[in-house]
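Listed here are the chains, written in short residue letters.
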Amino acid sequence: MRHKLSIIVDIVKLNDQNIRLILQNSDIASKATPGQFVNVRCCNSNELILRRPISILNTHEDCYDIIYKIVGEGTKRLSNFKIGESLDVLGPLGKGFTKEPLDKTIAFIGGGIGLFPLVYAASKFKDCDIDFFVGFRNNDEIMIIDEIKKTGANVYISTDDGSFGYHGFITDLFSENIKKYDKVYICGPLPMEKACVKILRKHGIKGQVSLEERMGCGIGACLVCACETIHGMKHVCKDGPVFNISDVFLKE
Amino acid sequence: MLKPNLSITIGDVTLNNPIITASGTFGFGREYGEYIDLNQLGGIAVKGLTLEPRLGNKTPRIAETPSGILNSVGLENPGVKAFIKNEIPFLTQYDSKIIANIAGSTVDDYLKMVEILNDTLVDLFEINLSCPNVREGCLAFGSSKDGVYRVTKAIKEIAKKPIIIKLTPNVTDITSIALGAQEGGADAISLINTITGMKIDIKTKKPVLHNNTGGLSGPCIRPIAVRMVHQVYQTVDIPIIGMGGITNLEDALEFFIAGASAVMIGTYHFMDPYVSEKVTIDLLKYLVDNNISDIKQLIGSLILHE
Chain A
234 MRHKLSIIVD IVKLNDQNIR LILQNSDIAS KATPGQFVNV RCCNSNELIL
284 RRPISILNTH EDCYDIIYKI VGEGTKRLSN FKIGESLDVL GPLGKGFTKE
334 PLDKTIAFIG GGIGLFPLVY AASKFKDCDI DFFVGFRNND EIMIIDEIKK
384 TGANVYISTD DGSFGYHGFI TDLFSENIKK YDKVYICGPL PMEKACVKIL
434 RKHGIKGQVS LEERMGCGIG ACLVCACETI HGMKHVCKDG PVFNISDVFL
484 KE
Chain B
145 MLKPNLSITI GDVTLNNPII TASGTFGFGR EYGEYIDLNQ LGGIAVKGLT
195 LEPRLGNKTP RIAETPSGIL NSVGLENPGV KAFIKNEIPF LTQYDSKIIA
245 NIAGSTVDDY LKMVEILNDT LVDLFEINLS CPNVREGCLA FGSSKDGVYR
295 VTKAIKEIAK KPIIIKLTPN VTDITSIALG AQEGGADAIS LINTITGMKI
345 DIKTKKPVLH NNTGGLSGPC IRPIAVRMVH QVYQTVDIPI IGMGGITNLE
395 DALEFFIAGA SAVMIGTYHF MDPYVSEKVT IDLLKYLVDN NISDIKQLIG
445 SLILHE
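The listed protein sequences correspond, in order, to chains A and B.
Under my numbering, residues 234 to 485 are what the first sequence spells out, in order.
Under my numbering, residues 145 to 450 are what the second sequence spells out, in order.
Pulled out of the complex, with its shape left as it was, chain A reads as follows (with noise of 0.2 Å):
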C-alpha cells in the first residue's frame, strides 16, 4: 500500500531563503509529534534520488506545515512546485522531544532554522512556563518570532551582529537564570548545541537536542547517519533526531 501524497495548499516566501508550505495530508497530520520530520523528494527525475529531510512546523487538522531553506539543488527544485500540485513526502519520520508531567518550567534554545521544531514543542507542551530563546544571525533571517509568542512562551531574542535583541550568543542569555529550568530543549547549529549541552551538563539540568546529519534512506536502513551515544552506535534519521543530552555528544 503506497503512501498517500501531500497536496500544497500554500506557499509563504518568509525571506530571501526560507519558505513555508502548507501541506495536505491527513495521515502525518494525524500522526505527526514534535520534533519529528519528514522526508520530500524534490523533483521528478532520478537525477537527484535522496529525499531531504525537513522538520515538521506544525499540524492543523489535515494539514501540517514545513518551512525549507533554499541552500542546494535539491531544495531549488522544490521552489519550483505550486500550490495545487503534490509532493511525495514520507513521514512523519524518527523520535521527536518528549516531556515528563514534572518538567514544568521549561526552555526552548533555537539557532536559526533549528527553531522550527521546537515552535512545534512549545505549541504542544501544555501547562508550561515557557521561555523561547532564539538566535539569529542577524535582522533579515528572524522568522515566525509571532507564531512562537502565540504558544504564549516568553520570547528571548540574540543576533551575532546586534541588528535585533541581544548582542550576542543566546548561550549567554539563557545561561542567566539557568537554574530555574527542569527541562531544555535545543535545536540549532552543531557549535551552538554543543556549547548549551556543556553548560546544561555544568548545572545538572536535564534536556533533549535535536541532531543534524547527512541522511540515506531516513528510515534507519542504510546507516549513514551514525551517532555514538552512551547505549553504542545510534542513528539520527529513526533513533533520532532529538536524543537527551546525557546520551551524546561523548567526547566534549
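Heads up, some of the hints might be wrong.
Claimed, not checked - Taking lysine to any residue pairs in the SDA-like style, the calculated list, with each CA pair at most 20 Å apart, reads:
(1) A:K439 with A:D362
(2) B:K343 with A:E280
(3) A:K471 with B:E178
(4) A:K332 with A:K439
(5) A:K309 with A:K359
(6) A:K237 with B:K202
(7) B:K349 with A:R447
(8) A:K484 with B:G200
(9) A:K383 with A:G398
(10) A:K484 with B:K202
(11) A:K471 with A:C460
(12) B:K202 with A:L444
(13) A:K427 with A:K383
(14) A:K431 with A:G398
(15) B:K422 with A:K315
(16) A:K237 with B:K347
(17) A:K357 with A:E280
(18) A:K467 with A:T331
(19) A:K357 with A:E333
(20) B:K202 with A:K332
(21) B:K256 with B:E301
(22) A:K315 with A:T331
(23) A:K439 with A:G398
(24) B:K225 with A:G465
(25) A:K309 with A:N279
(26) B:K422 with A:K484
(27) B:K343 with A:G307
(28) B:K347 with A:R447
(29) B:K225 with B:T264
(30) B:K347 with A:D362
(31) A:K471 with B:R174
(32) B:K225 with A:K431
Derived from the structure by calculation, the hints contain no laboratory data.
What you are looking at is a predicted structure, and each value in this text was computed from that prediction instead of being measured.
Take the given structure of chain A and dock chain B to it, following the hints.
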C-alpha cells in the same frame, strides 16, 4: 495462460522470484517491512556482517552525486552473533530467502562466519569480496582472480548453503575475476558492488565524505553494471545476480536480457521504499502481457549487433 514461472534456483535453493534487496541498503528488512510486504521479495540480502561488531566510519558517510550517491558506511554492523540472535527470528517469518552477506579481513574470518551461520536458518551466503570502505581484507581478495579463487574454494569446502560471490567493478578485467569465483566452486556471482569515487567540497577543499573516498551507487552506474553482467554472462555458466542503479521494471529487464538470472535493488530504496515490491509486481505483469511463461526465457536474450 498460466501464471508465469518467476522462480530461480541458486545451488539447491529456489527463490520465489528473482527480485532481491541489495545488501547495505535494506538493513535487516525490518524498516522496510513497514512499507512493503516482505513476502513479495525473492530474497533479502542483509547488511554486511563481520565476525565482531563494527562501528563503521566517521560521518559524513554519504554524499549525493548526479543520479547517484557515494557512501562510506564502513560495514557498521552488530556482528554475526547478534544477527543470529536478533534478526534471523524476524526474517524467518517471511517467504523471502535470507541471504547473509559476510565480509572478513582474513580468509579465516570468512570461514569462522560460515561455520557459525551454517546451522542457522540462513538460506544463502553472499561473500562480500568487494567492500571499498574498509581498510583491510575484503576488496583485496576481490581484486585478483587468484584471491577470489582461494577464498571461494576455502569457503565452498565448509559451507552448508549455496555461496554467491559478490564482485567489485574496480578491476581491469571482470571476466577473469568471475572465472576465479566459478573455478573456486561458487554457486552464483553477484555484481556489481559500488565503484570507488570522491566528491570534493570546493569551499573547504576537503572531500565531503570523512573517509575521503566512498562507493558510488545509483542509476549513474547502471550502464557499467549492465555491461559487466553481459561480459560475465558470456564467460561463466553459473547464475548471475545483477545490480547497479535499478529504479523500475525497465531497468531490471536490461539486466535479465544481459544475462542476469536475478537482480538486486539497492540505493533506490532510499528514494522509493516501495520499489522492490513494485518491480516484482510489474515483472509478473510484463511476463503475462508478453506471453512469456518463464523468466528464464528472458535471461541472456540479448541480441548483439553484428
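Right, here's what the structure says about each hint:
A C-alpha spacing of about 16 Å is found between K439 (chain A) and D362 (chain A), which places the hinted pair at or below 20 Å, so the restraint holds. With a C-alpha separation of about 16 Å, the suggested pairing of K343 (chain B) with E280 (chain A) holds against the 20 Å cut-off. Distance check on the hinted pair: K471 (chain A) and E178 (chain B) sit about 13 Å apart at the alpha-carbon level, within 20 Å; holds. The straight-line distance between the Cα atoms of K332 (chain A) and K439 (chain A) is roughly 11 Å, inside the 20 Å bound, and the hint therefore holds.
A threshold of 20 Å between alpha carbons decides the hint, and for K309 (chain A) with K359 (chain A) the separation of about 37 Å lies outside it, so the pair is violated. A hinted pair counts as satisfied when its Cα atoms are at most 20 Å apart, and K237 (chain A) with K202 (chain B) does not qualify at roughly 35 Å. For a cut-off of 20 Å, the pair hint linking K349 (chain B) to R447 (chain A) stands: about 19 Å separates their Cα positions. Under the criterion of a C-alpha separation no larger than 20 Å, the hint pairing K484 (chain A) with G200 (chain B) is consistent with the structure, at around 17 Å.
For the proposed pair K383 (chain A) and G398 (chain A), the alpha carbon gap of about 19 Å is at most 20 Å, so the pair holds. Among the hinted pairs, K484 (chain A) with K202 (chain B) is consistent with the structure: their alpha-carbon atoms are about 14 Å apart, no more than 20 Å. Between K471 (chain A) and C460 (chain A), the direct Cα distance comes to roughly 11 Å. Compliance with the 20 Å bound is thereby established for this hinted pair. Restraint check for K202 (chain B) and L444 (chain A): satisfied, since their Cα atoms lie roughly 15 Å apart, inside the 20 Å limit.
For a cut-off of 20 Å, the pair hint linking K427 (chain A) to K383 (chain A) is broken: about 29 Å separates their Cα positions. The suggested pairing of K431 (chain A) with G398 (chain A) is violated, with an alpha-carbon distance near 24 Å, which exceeds 20 Å. Under the criterion of a C-alpha separation no larger than 20 Å, the hint pairing K422 (chain B) with K315 (chain A) is inconsistent with the structure, at around 28 Å. For the hint linking K237 (chain A) to K347 (chain B), the alpha-carbon distance of about 39 Å lies beyond 20 Å, and the restraint is violated.
For the given pair, K357 (chain A) sits about 38 Å from E280 (chain A) by alpha-carbon distance, which is inconsistent with the 20 Å threshold. Straight-line distance between C-alpha atoms of K467 (chain A) and T331 (chain A) comes to about 18 Å, which keeps the hinted pair within the 20 Å bound. Taking the CA atoms of K357 (chain A) and E333 (chain A), the gap is about 13 Å. The hint holds against a cut of 20 Å. Proximity of K202 (chain B) to K332 (chain A) is assessed by CA-CA distance (about 31 Å); at most 20 Å being required, the pair is judged violated.
At most 20 Å may separate the alpha-carbon atoms for a hinted pair to count; K256 (chain B) and E301 (chain B) meet this at roughly 13 Å. Of the supplied pair hints, the one linking K315 (chain A) and T331 (chain A) is violated, its CA atoms being roughly 35 Å apart against a limit of 20 Å. Of the supplied pair hints, the one linking K439 (chain A) and G398 (chain A) is violated, its CA atoms being roughly 27 Å apart against a limit of 20 Å. Among the hinted pairs, K225 (chain B) with G465 (chain A) is consistent with the structure: their alpha-carbon atoms are about 17 Å apart, no more than 20 Å.
Proximity of K309 (chain A) to N279 (chain A) is assessed by CA-CA distance (about 15 Å); at most 20 Å being required, the pair is judged to hold. Distance restraint check for K422 (chain B) and K484 (chain A): the Cα-Cα separation of roughly 44 Å exceeds the 20 Å cut-off, and the hinted pair is therefore not satisfied. At most 20 Å may separate the alpha-carbon atoms for a hinted pair to count; K343 (chain B) and G307 (chain A) meet this at roughly 17 Å. The straight-line distance between the Cα atoms of K347 (chain B) and R447 (chain A) is roughly 18 Å, inside the 20 Å bound, and the hint therefore holds.
Of the supplied pair hints, the one linking K225 (chain B) and T264 (chain B) holds, its CA atoms being roughly 11 Å apart against a limit of 20 Å. Among the hinted pairs, K347 (chain B) with D362 (chain A) is inconsistent with the structure: their alpha-carbon atoms are about 43 Å apart, more than 20 Å. Restraint check: the Cα-Cα separation between K471 (chain A) and R174 (chain B) comes to about 12 Å, which is no more than 20 Å; the hinted pair holds. Distance hint between K225 (chain B) and K431 (chain A) is unfulfilled; the C-alpha atoms sit about 37 Å from each other, more than 20 Å.
Comparing the model with each numbered hint stated earlier shows that hints 5, 6, 13, 14, 15, 16, 17, 20, 22, 23, 26, 30 and 32 do not hold.
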